[in-house]
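Undergrad: Each chain is listed here by its residues.
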Amino acid sequence: QKEVEQDPGPLSVPEGAIVSLNCTYSNSAFQYFMWYRQYSRKGPELLMYTYSSGNKEDGRFTAQVDKSSKYISLFIRDSQPSDSATYLCAMKGGGGATNKLIFGTGTLLAVQP
Amino acid sequence: DAGITQSPRHKVTETGTPVTLRCHQTENHRYMYWYRQDPGHGLRLIHYSYGVKDTDKGEVSDGYSVSRSKTEDFLLTLESATSSQTSVYFCAISQRDISYEQYFGPGTRLTVT
Numbered sequence: 001q002k003e004v005e006q007d008p009g010p011l012s013v014p015e016g017a018i019v020s021l022n023c024t025y026s027n028s029a030f031q032y033f034m035w036y037r038q039y040s041r042k043g044p045e046l047l048m049y050t051y052s053s054g055n056k057e058d059g060r061f062t063a064q065v066d067k068s069s070k071y072i073s074l075f076i077r078d079s080q081p082s083d084s085a086t087y088l089c090a091m092k093g094g095g096g097a098t099n100k101l102i103f104g105t106g107t108l109l110a111v112q113p
Numbered sequence: 001d002a003g004i005t006q007s008p009r010h011k012v013t014e015t016g017t018p019v020t021l022r023c024h025q026t027e028n029h030r031y032m033y034w035y036r037q038d039p040g041h042g043l044r045l046i047h048y049s050y051g052v053k054d055t056d057k058g059e060v061s062d063g064y065s066v067s068r069s070k071t072e073d074f075l076l077t078l079e080s081a082t083s084s085q086t087s088v089y090f091c092a093i094s095q096r097d098i099s100y101e102q103y104f105g106p107g108t109r110l111t112v113t
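Line order of the protein sequences matches chains D and B.
The numbering used here applies: residue 1 is where the first sequence begins, and numbers increase by one.
The numbering used here applies: residue 1 is where the second sequence begins, and numbers increase by one.
Please keep in mind that the hints were generated in silico from the structure rather than gathered at the bench.
Any given hint might turn out to be false.
Lysine to aspartate or glutamate pairs mimicking EDC-like chemistry, simulated, CA-CA at most 20 Å apart [unchecked claim]:
#1 D:K67 / D:E3
#2 D:K100 / B:D38
#3 D:K42 / B:E101
Just so you have them, the derived chain B footprint on chain D, three or more residues with Cβ under 8 Å [said to hold, decoys possible]:
#4 39 to 48
#5 100 to 109
We treat Cβ as the ideally placed atom computed from N, Cα and C, and that holds for glycine.
Sequences are here, hints too, so could you generate the full structure?
TA: This is the structure we're talking about:
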């Protein structure tokens, strides 16, 4: 079993829809939870991060962490064609470079105009 | 991708030949990482560096070596390329030891025939 599981999609939605992207994990030591966005043939870029449980909002994006269920989500409101990309969740344990990021496989999102 | 370049961007090589990929940063970040990205596996850490001449293995280090003689350069060498090393390779950098915030380069697409 992988430490981080992510539905690969693809997920296709109409413009303006609310998008929900999810990851589950098995390692209870994870404390930092990140979402990276990767456009086609580009490197990933950090979109949001959350420490421990709770919600974090940034514009149209909301990240949620439920440590009791080992489940994290990224919600995109009023989705735009420019949101079309692969979304990668990533996690790590406590401080220190030796606690490395563990990435999900990514979910491919297509927002149709 | 600002501040991080990778070279070459594309390479085709034959099985058994040595290959060196270069990552160059202008951000003066202490930590540097090499990942490979494959369908169904997501991003996997190959090696990382926490300072000049300080490196350590990641999750999939077999068949790869690295060197870092200057802060700005991190080299990844495939000693004897195999077809299983056909992949997209990403370099990443981070400023702090809490490495959730990593900045990725544009990637190198390597094909081993």
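Undergrad: Hints first: check each against the structure and report whether it holds.
TA: Results of checking the hints against the structure:
Taken as a hint, the D:K67 and D:E3 pair is honoured in the structure, with Cα atoms around 14 Å apart against an allowance of 20 Å. In summary, the hint linking D:K100 to B:D38 is supported, as the alpha carbons are separated by about 18 Å, within the 20 Å threshold. Annotation: proposed proximity of D:K42 to B:E101 holds, straight-line Cα distance about 17 Å (limit 20 Å). Chain B is given as covering the segment 39 to 48 of chain D, and this holds because 6 residues of the stretch bring a CB closer than 8 Å to a CB of that chain, at least three being needed.
With 6 residues bearing a CB less than 8 Å from a CB of chain B, the segment 100 to 109 of chain D meets the requirement of three and the coverage assertion stands.
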